[in-house]
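Quick note, the sequences are listed as chains A and B, same order. For my numbering, add 1 to where a residue sits in the first sequence, where the first one is 1. Anchor point for the second sequence: position 81 equals 80 in my numbering, and the numbering is continuous, going up by one each time.
Certain hints may be false.
To be verified - When the alpha-carbon atoms are kept at most 25 Å apart in a straight line, the in silico PhoX-like pairs for lysine-lysine are as follows: (1) Lys86/A - Lys245/A; (2) Lys175/A - Lys293/A; (3) Lys25/B - Lys1/B; (4) Lys90/A - Lys245/A; (5) Lys245/A - Lys34/B; (6) Lys279/A - Lys189/A; (7) Lys83/B - Lys73/B; (8) Lys73/B - Lys189/A; (9) Lys143/A - Lys86/A; (10) Lys245/A - Lys58/B; (11) Lys189/A - Lys25/B; (12) Lys34/B - Lys1/B.
Everything labelled a hint here was simulated from the structure, so no lab data went into it.
Residue strings, one per chain:
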Amino acid sequence: MKSISIIGAGPAGIEAASILAQQGIAVTLFEKSSSAMKNVADKTFLFPDFAAASDIVEAMNKKLLNSNITLHCDTEIVALEREGKTSWKLTDAKGMSYYSDLVLIATGYTPFDAHRKEELGYGIYNGVVTSLDMEKMIRYDKIVNSLGEKPRRVVFLQCVGSRDEKSGNHYCSKICCVTAVKQAIELKRCLPDTEAYVFYMDLRMWGQHFEELYRQAQQEYGIRFVRGRISEASGTFDGRVQIKAEDTLMGLPLRMTTDLLVLMVGMEASEGTRCLGKACGIGGEYGFVQSKDPHLNDTATDQEGIFVCGTCKRPMSINDSINDARSAAVTILQAIQ
Amino acid sequence: MKNFGFTISTGRSINLDEIREENISKLLEMVPSYKWCIGCGGCTATCSAGAFTNFNIRKIHNSFVRGQYQGLDKELQQCMLCGKCLLVCPRGVNTRSLIVNMRRILAGVEANTFKGKEVIQ
């Protein structure tokens, strides 16, 4: 029987491990942080149905309770090289080596660091936060401005670190559009009197029920959508944030002050994705890893014995990652037989 | 004072801090379906008046909700209320009612009798 290592215990890694384990195959799962499902655990509710992220984390963690799965947390795989003709050698940050015939890379993404868009004032003005900060504020039902007071107005800005030449990311991160709509609705549910604006370049409501959620945001919650990218943010003397944009539907420059500016940060390849992609020669665009064929063989790679799934390939939603992992598990089962 | 022939330019940018919210809420109360507008411009594309004049319905209602009222009442008079825009709108916005009610608000006419209902004229 061939041995299998899976790198990354997020939704993709766990799902693939679980499917393979159910087929009686022993799987070794490596996770660099202290627990599995770290990125999902940072969320509060998930689009488009407001499912509790904690439920998803719990359900996925339950899938790990299989005697065929060995989970190594706090184990960051930093090197991946061929060992002999058919085997792979994995080395962790502490210098420990592991050997495996097949390797599934599920090392995922990392959120875009909003400090890099200095003109938007993240880390400079307290009223500027990221979508991740907003998730936390929603979780603890504590949405406050820089002075700790209830905000009168909240502005969401799309495409921070995505579709942006200056960030080096030409691609769309896919999940931010609907996340902003979701968060704006959550904001209005917590604070019905607070005004909510969403500034967008395009609104890409690609998934099932996303468009309906957008419509609901307009119809039931009175959330206002402005087509135009905020070019800069600056602090006001009273701790608010002044923003400048063009209302492109009006063809006029627009300015306003807001208590909170929420930057919808995109997805970038995680450090592990970049490192391992390069190490075994399957590095693709923007640091993501590349599959063999995006249409017909999206979970195998040009390296025999290396498979990929989830957001290490490109931005994906949680359910897309899980489905992709199932697809990878089938490809691996075929490779074993 | 001597006139040197210079003038001070007034800002042309929209300042959403100075917007008249009551006009927007009044319009949304009269035409609730306007909340669904996504600014696609289908209404403008099909507009008979727009084919021969610079009448641009999409731009007019955008101007209204951004507080840019100057010249709007005059522009709104160019609409013939044919209702083609209403037929093409992908979001089901009652655009004809929108025009009638923008005219009302700009003329300062209280339309209490129509409160909460969309009026097709």
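Going down the list of hints, with the structure as the test:
no., hint, result
1, Lys86/A - Lys245/A, "59 Å, violated"
2, Lys175/A - Lys293/A, "22 Å, holds"
3, Lys25/B - Lys1/B, "46 Å, violated"
4, Lys90/A - Lys245/A, "52 Å, violated"
5, Lys245/A - Lys34/B, "24 Å, holds"
6, Lys279/A - Lys189/A, "44 Å, violated"
7, Lys83/B - Lys73/B, "21 Å, holds"
8, Lys73/B - Lys189/A, "37 Å, violated"
9, Lys143/A - Lys86/A, "56 Å, violated"
10, Lys245/A - Lys58/B, "20 Å, holds"
11, Lys189/A - Lys25/B, "20 Å, holds"
12, Lys34/B - Lys1/B, "51 Å, violated"
The structure fails hints 1, 3, 4, 6, 8, 9, 12 (numbered hints given earlier, in ascending order).
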